[in-house]
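Trainee: Residue strings, one per chain:
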Amino acid sequence: MNQPHSYSSTVTERPEGWNRPAPIESRGERELLEVAMGPHHPSTHGVFRMDLALDGERVVRLKPEFGYLHRNHEKIAEGISYLASMPYTDRLDYTCSMTNNWAYALAVEKLTGQEVPERAEYLRVILGELTRVQNHLSAIGFLIQDMGASGTPLMYAFRQREKILDLFEGLTGARMMVNYMRFGGCRVDASPAWLDEARKVVAGLPAFVDEFEALLRSNEILMARTQGVGVLRPELAVNAGVTGPMLRASGVNYDIRKVDHYGIYDRFNFRVPLGDHGDVYDRFMIRLLEARESIKILEAALKDIPVGPVIDPKAKIRGLRPKPGEAYGRIEAPKGELGFYLISDGGPNPYRYRVRPPSLINLTILEDMCLGHDVADVVLIFGSVDIVLGEVDR
Amino acid sequence: MKTVEEIKAAIESAIPGAGVEIVPNPSPSGQHSLRLTPDHAVEVANFLRDDAELALDFLSNVTGVDWPDKEISEKVKVTHTVTKTVDGVEQSVEETVEETRKRVEPGYLEAVYHLYSVEKKHGPVILRMRTVNRTDQVELPSLTFVWRSAEFQEREIFDLFGIVFTGHPDLRRILMWEGFKDHPMRRDYVAPDDFEYEPTAHDGVLKRTQAHQAAAGQALEERHQGTGAGA
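From first to last, the protein sequence lines are chains B and S.
Position 367 of the first sequence, counting from 1, maps to 367 under my numbering, and the rest follow consecutively.
Position 92 of the second sequence, counting from 1, maps to 92 under my numbering, and the rest follow consecutively.
The set of hints was computed from the structure by calculation and includes no laboratory data.
Hints are not guaranteed to be accurate.
Examples of chain B residues lying across from chain S (beta carbon under 10 angstroms, computed) [stated by the list, open to error]: (1) Phe66; (2) Gly319; (3) Leu320; (4) Ile343; (5) Gly347; (6) Leu363; (7) Asp393.
BS3-like cross-link-like pairs, simulated, lysine-lysine; straight-line CA separation at most 27 angstroms [stated by the list, open to error]: (8) Lys121/S <-> Lys296/B; (9) Lys258/B <-> Lys70/S; (10) Lys296/B <-> Lys163/B; (11) Lys2/S <-> Lys121/S; (12) Lys258/B <-> Lys303/B; (13) Lys75/B <-> Lys316/B; (14) Lys258/B <-> Lys121/S; (15) Lys2/S <-> Lys258/B; (16) Lys120/S <-> Lys8/S; (17) Lys296/B <-> Lys258/B; (18) Lys102/S <-> Lys75/S; (19) Lys70/S <-> Lys181/S; (20) Lys303/B <-> Lys163/B; (21) Lys75/B <-> Lys303/B; (22) Lys102/S <-> Lys8/S; (23) Lys181/S <-> Lys63/B; (24) Lys70/S <-> Lys323/B; (25) Lys75/S <-> Lys323/B; (26) Lys296/B <-> Lys323/B; (27) Lys181/S <-> Lys75/B; (28) Lys102/S <-> Lys77/S; (29) Lys200/B <-> Lys296/B; (30) Lys102/S <-> Lys323/B; (31) Lys102/S <-> Lys70/S; (32) Lys120/S <-> Lys2/S; (33) Lys200/B <-> Lys303/B; (34) Lys70/S <-> Lys75/B.
Cβ atoms here follow ideal geometry from the backbone N, Cα and C, with glycine treated the same way.
Modelling step: build the complete structure from the supplied sequences, incorporating the hints.
Mentor: Structure representation (structure tokens):
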């Protein structure tokens with residue numbers, strides 16, 4: 001199936017001024033092997049293909065190919081009302097539907113100038129941070145699974161994720177497709193019993209993160225496989241629009257929760273962990289540290305949550321017709337900057353609805369990180385980006 | 001953070017003749033944007049990125065928007081000179097009539113860029129560019145060499161809207177498959193009933209059957225005529 005293919009000496013021609021690393025020249029007249037990794041490769045976390053050119057084991061060229069899951073989410077949204085798009089956003093990054101809901105609600109609130117009650121803001125922070133914790137833990141689990149430790153570490157993470165998903169189910173009726181946020185608040189209120197349950201789950205999290213970290217940190221194979229692999233320079237990371245834990249692992253201090261102060265994040269005391277080297281190991285440690293900071297936010301939010309309405313009773317939800325105009329709203333989703341750009345022409349449906357998918361844009365520099373590494377490392381580097389194909393392909 | 005007016009002034013003092021225009025946004029978000037002319041767009045983008053005060057080093061989002069031809073009907077008061085017969089004498093009288101006139105405002109495709117600054121932690125600054133029309137002059141300069149994050153997003157706009165970004169290093173379809181003809185995010189795009197339609201042998205078979213039936217019918221008629229003649 002994989003035919004050996006001979007290339008000319010320069011494999012990829014790049015125009016001048018192109019800020020990528022110089023391509024690794026093929027050694028003389030050696031033959032390169034062209035491999036299609038995917039679309040059903042187990043390490044690609046979905047249907048995704050990488051077209052690799054290999055010189056022995058070394059990667060000389062990598063072209064990501066996607067669109068297998070494309071359903072034109074944006075076109076669908078142009079034909080339905082503002083509210084009807086809310087459950088569709090669950091399906092973008094289907095492991096983090098709470099933050100997808102939040103980003104969309106935030107963009108519409110910017111478009112209409114809608115205010116959100118305080119209790120709803122607290123609930124949003126609690127659910128958003130729970131989402132972040134479960135996403136980061138399972139991302140680490142998947143990364144270790146890609147490294148060859150089949151099953152156990154991932155199931156460790158999933159055991160904890162299941163408790164968080166049970167909380168979501170108790171509140172919204174669904175584990176993953178929550179459809180919870182509304183423009184101007186949240187759909188249902190949390191009962192005191194639910195809050196107690198949430199406090200119990202959060203109280204169990206630090207011990208789990210400690211255990212998880214101890215298991216992994218002392219693992220020699222993990223160190224050898226991840227340290228110095230797939231280094232991403234900070235200048236390139238910023239220029240290529242990389243966001244989220246990947247950007248911070250490269251040492252760039254940019255967290256939208258701190259920059260935009262959306263919601264009520266300025267009320268919480270948390271730190272932004274930064275990496276030094278920008279390699280796979282840093283990306284994985286940053287996720288652990290971020291999970292710890294999220295637990296801090298959760299503890300504070302669950303303690304301070306006030307009583308009150310969860311939605312403005314005057315908020316227009318059904319039959320919403322925003323005045324003509326446009327708005328871009330963004331939040332710090334677990335995978336990076338998730339933004340929604342809406343243009344209204346005064347009608348009941350958005351004129352233009354655009355999702356800024358962090359997963360897609362974080363893949364821009366996949367080739368740069370993989371050049372010169374072995375094929376086995378490509379799996380790890382790709383895993384450390386942490387993508388969901390539902391969001392990449394939309 | 002500078003206001004749009006100040007940014008416009010800064011661009012115009014740095015690049016004379018840049019032709020920047022403010023596009024107001026009436027929504028409560030208050031995110032006004034700057035419209036660039038395609039000829040100076042790369043220059044302006046480089047200035048915005050490298051200027052010490054603005055330092056817009058992070059291109060967050062690139063969006064394509066389709067604005068199709070708009071038919072506008074207006075009511076216009078027109079004064080005509082009409083010849084009328086009043087009391088048996090022909091007179092020319094001025095008459096004001098209200099008429100509805102239709103004119104077509106030509107459509108265009110638009111690319112919208114949302115910029116932020118990681119260094120200064122401000123934003124967004126929104127840039128827009130328009131193509132000349134929606135059919136044959138759909139080129140815009142690519143900003144991929146200024147901000148690398150435009151690479152996949154401009155490819156997506158090329159794929160779904162059909163804006164051709166000149167100077168893009170790798171302008172291919174990204175979400176739709178190679179060989180797909182249309183641009184599905186355009187407002188006037190009509191989706192086929194079946195995206196994977198392939199003609200079957202059906203039409204060929206039908207044609208052969210019809211030909212056969214015609215021939216058989218003719219033969220039958222001839223036979224009837226034969227019997228008629230014989231009787």
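Trainee: Are the Cα atoms of Lys120/S and Lys2/S separated by 27 angstroms or less?
Mentor: holds, 12 angstroms
Trainee: With the threshold set at 27 angstroms, check whether the alpha-carbon distance from Lys102/S to Lys8/S stays at or below it.
Mentor: Given pair Lys102/S, Lys8/S is violated - Cα atoms ~36 angstroms apart, limit 27 angstroms.
Trainee: Hinted pair, alpha-carbon criterion (27 angstroms max): Lys200/B, Lys303/B. Please report holds or violated.
Mentor: Holds. Lys200/B to Lys303/B sits at ~12 angstroms (cutoff 27 angstroms).
Trainee: Please work out if Lys102/S and Lys77/S have their alpha carbons no farther apart than 27 angstroms.
Mentor: holds, 14 angstroms
Trainee: Does Lys296/B pair with Lys258/B here, judged by a C-alpha cut-off of 27 angstroms?
Mentor: holds, 15 angstroms
Trainee: Does the alpha-carbon distance linking Lys181/S and Lys63/B stay inside the 27 angstroms limit?
Mentor: Cα-Cα ~22 angstroms, so holds.
Trainee: Lys102/S and Lys70/S: Cα distance at most 27 angstroms?
Mentor: holds, 10 angstroms
Trainee: Assess, step by step, whether the Cα of Lys75/B is no farther than 27 angstroms from the Cα of Lys316/B, and give holds or violated.
Mentor: holds, 24 angstroms
Trainee: For the pair supplied as a hint, Lys296/B and Lys323/B, confirm whether the alpha-carbon distance does not exceed 27 angstroms.
Mentor: violated, 39 angstroms
Trainee: Hint check: is the beta carbon of Ile343/B less than 10 angstroms from a beta carbon of chain S?
Mentor: Interface hint status for Ile343/B: holds (7 angstroms vs cutoff 10 angstroms).
Trainee: With a cut-off of 27 angstroms on the C-alpha distance, tell me whether Lys258/B and Lys303/B pass.
Mentor: holds, 21 angstroms
Trainee: Quick one, are Lys296/B and Lys163/B close enough, alpha carbons at most 27 angstroms?
Mentor: Roughly 18 angstroms separates the two Cα atoms, so the pair holds.
Hints 2, 3, 5, 9, 21, 22, 26, counting from the list given before, are not met by this structure.
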